[in-house]
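Undergrad: Protein chains in written order, with the numbering used here: chain L, 1 to 476; chain W, 477 to 887.
Worth flagging that the hints you see were computed from the coordinates, not collected in a lab.
Predicted, not measured: the structure shown is a model, and the values here were computed from it.
Not one of these hints is a red herring.
Derived pair list, reagent style BS3-like, types lysine-lysine, alpha-carbon separation capped at 27 Å:
hint, chain 1, residue 1, chain 2, residue 2
1, L, 117, L, 304
2, W, 631, W, 688
3, W, 688, L, 304
4, L, 302, W, 688
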Amino acid sequence: MSPVTWNQPNREAPDVFDVVIIGGGIVGCAVARELTAFDLTVALVEARADIGDVTSKSNTAILHTGFDATPGSLESRLVRRGYELLSRYSTVTGIPVERTGALLVAWTDEERDALPKLADKAYKNGYEHAELVDAQEVYRREPHLGPGALGGLAIPDESIICSWTSALAYVTEAVGRGLHLLLDRSVTGLDASGPVTEISTTRGQVHARWVVNAAGHGADVIDQFLGYDRFTVVPRKGELIVFDKCARRLVNSIVLPVPSSRGKGVLVSPTIYGNVMLGPTSENIHDRSDTSTTPAGLSFLKSKGQQIMPTLLDEEVTATYAGLRASTEHDDFVLDSDPLTRYILLGGIRSTGLTASMALGEHVVELMKNAGEVLRVSEQLPDAPRMPSIGQASLRPFENAELIARDPEYGRIVCFCERVSRGEIRDALESAVPPTDLDGLRRRTRALMGRCQGFYCGAEVQALLNDGVHARGTSL
Amino acid sequence: MTPQTCGVLVIGGGPSGLTAAANLAAQCRVVVLERESAAGGIPRHSDHTGYGLRDLRRVMSGPEYARVLVERAVAAGAEIRTESMMTSWVDDHTVAVTSPQGRYEISAPAIILATGARERPRSARLVAGDRPAGVFTTGSLQNLVHLHHGSPGSKALVVGTELVSWSAVLTLREAGCETVAMITERDRPESYAAFHHGAKVGLSTPVSTMTKVRRILGRDRVEAVEVEDVATGALRTINCDTVVFTADWIPDNELARLAHIDMAAGSGGPQVDTMLRTSRPGLFAIGNLVHPVDTADVCALDGRHVATAVRDFLAQRSTPGQSVSIVVQAPLRWISPSVMRVGDGAPARRKFLFWTDEYRPVARLTATQGHAVIGRITLPWPAAPGRVLRVPSALLARADFSAGPITVALT
Ligand SMILES: Cc1cc2nc3c(=O)[nH]c(=O)nc-3n(C[C@H](O)[C@H](O)[C@H](O)COP(=O)(O)OP(=O)(O)OC[C@H]3O[C@@H](n4cnc5c(N)ncnc54)[C@H](O)[C@@H]3O)c2cc1C
Ligand SMILES: Cc1cc2nc3c(=O)[nH]c(=O)nc-3n(C[C@H](O)[C@H](O)[C@H](O)COP(=O)(O)OP(=O)(O)OC[C@H]3O[C@@H](n4cnc5c(N)ncnc54)[C@H](O)[C@@H]3O)c2cc1C
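My request is simple: use the sequences and hints to build the entire structure.
TA: Structure (structure tokens):
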């Protein structure tokens, strides 16, 4: 078999890759981007037909400062570093980010008493801008909060980000730097007993000197292929409700509860697309592919929303979804490397992987260097890509008079609720890593994610997608 | 940028907007903005008969009706701009538009909002479960089948039993998809004509009352729907590969809300008086945006009715007089129009429109102001959820404009 993918018909694959990354979530994509900066042949093997199609597409998309991490943990360090790297990268590539800040709100005496300790913890995590505020200030900042707030802690640097564009930017840049993107094939076995590692997939074998395991919910299974037995992924479901854009005026920043032993709790936050999000729940489940929402989960969120911001519930709901955190029995990320078999494990990237992604990429480079690998930066690296402007706060194509004058397709709105133009859909279909289904198109353009959920444009967008996929000459 | 200008700007080229344009174009320059590639609104997507009775005095198919309304507006001299979407307000009389011809601003002394209504999709109903393909609203189903000649599945569950739900059943049948069940949470089908209607078109679809959707099952394609008996909580599973959520209307009210005008209680649309003025001078609202939803011909007649007030406004003939608002009591959900003004005429078709959440075999309404009963009426037809109750405006003929809000109740 040839490991060459449909979207890279002319890219010739070596017999042995320097590195094969397993898993095309945000972490695998960030690692791919990092490693393709060096003189290495790199492939990324992803089970799904698109990157970022599992946990990396369904989270709360907050770029965390790491203020509430466990001080001294790997997670604390990598989240903090990842925040810096991704903040910078987003300005270069145009990944939508809004620095809304967060406000932790205390609703009980106990929670209010916990705030100074949290401020202290933030400081220990290297975050120095946390600010204790009184109830009056809490309501000044968030006038639509329900009654009973006793005080708060402001974290001015917490931000909201587009997680879809982030993963896409990484992989687009990596493909530009020569990544072999091997989609739609699952890794089914690993053999590291020879001089190079043999990687069996559902579409034949590939070989690599180094293997990076970034398989998210499958990371323990991949690890076991190599004989390890050191952690088990326990999916922890988080359900979310997204409210209509008309609700956006109700919320200024990310409204967080005071964290308890049961996790971060339910937040109310603006989204980067101009909606408002309520969630997530937190429930351990068994089935690693069960991303359904549940009647109990949704009614729990409604009751939480009723307390936090009663008027929010008067607004229409645009969407509901659920994501699964890849938690493990460990309290931290599970990172390791074996210099002998040249294997790197990035496991247990639970609830901060989006923020930590670029730092995890750097971490992989460190681990390889520590194992004696000599890495040389490629001489000619293409410029970083400029990503489509899909954030609500950025100038969207539909409102860009100059762009429309140059190319009227940007003035031809196809998805009315989200104001997505035909030009943007065309661009997505012609991009380096094009979508293969409606969901992939939505992540690249916002088409169909609006309040009508396809009442008006569903069929037309599907037709455009079919044409685009057809034009690429691929059968799916 | 310098805005373009016109006399009357109509936002939305459905039956109501097109009819307003046709009735005003003789007086001044009228521009209709329609975001779709052709004007006509929902009837354009609705390839079955049943349109035009009250306004055109003949019954025709949706697409044909849409065509006639477009022709009339154009013949009257209105300019219809398709693929032209109003995206925001620049000021009270100027809007921003995106179209392939460019991004521009256009101003008019009078603006009419006619943006229609849509069915609440699955997610807005907070239905839990998987998110597979095969979930539609009547609108998206008809769009798929009629405009794009696509096919839904082979076995469908239709949620809702209103008239529009039967329209979905017809479309499904046409596309070769069997409707295995229709369900409603109420204790009787919303459309009292449902059985007649079904029988008339030769459909024998089992209807389950007191039943609600709890969960959708199926990873890639719908495999089944778990439904709950609302009386007993008992769950059962209906196997199907298609689900159509019908009815349950939301007005397309974003532009109205962005205008910061008064909104009507209950309907989600802007508040209007009997002449279809909103609370902002020069801004009018008509059609399903203000009464979600009535039939297309009734919406079209709003378009004819609003023309008088728009002409008066442009000629500065009348300043709106003192007003009194009308509120309703449950189980009535809303009334439209919900404001009356001194010196104004009766509402369109001399009817107030109501929405009820409960069935009454005979619709008996009482209007009060303070403690005084100002009107009573008993209609020889039922008040039924899922369809507009049209009540002669005589009910409120004795309103006292200085006596505070009027309350209307179903008694
Ligand atoms: C509800 C929720 C809220 C969250 N909120 C935030 C937040 O606000 N901020 C933040 O920073 N993080 C947040 N996270 C965490 C973040 O989403 C994750 O940490 C991150 O997406 C993990 O990325 P990943 O690449 O490790 O995993 P994934 O995205 O799951 O990617 C793993 C990939 O590996 C592939 N794979 C698995 N097995 C195989 C195999 N055998 N062969 C080939 N491919 C395989 C999968 O198909 C998948 O594409 C949240 C998570 C959840 C669930
Ligand atoms: C499935 C179905 C079946 C039906 N069957 C019948 C029937 O048999 N008989 C009958 O009489 N009625 C029927 N109806 C009802 C009828 O279609 C509606 O009452 C009628 O179309 C409402 O007219 P309208 O002008 O208020 O709104 P719409 O027809 O909804 O038109 C609104 C228009 O505004 C445009 N618009 C919205 N926002 C903007 C913007 N920002 N910029 C530019 N344009 C915008 C929209 O694209 C749309 O074209 C049916 C409805 C449905 C959904």
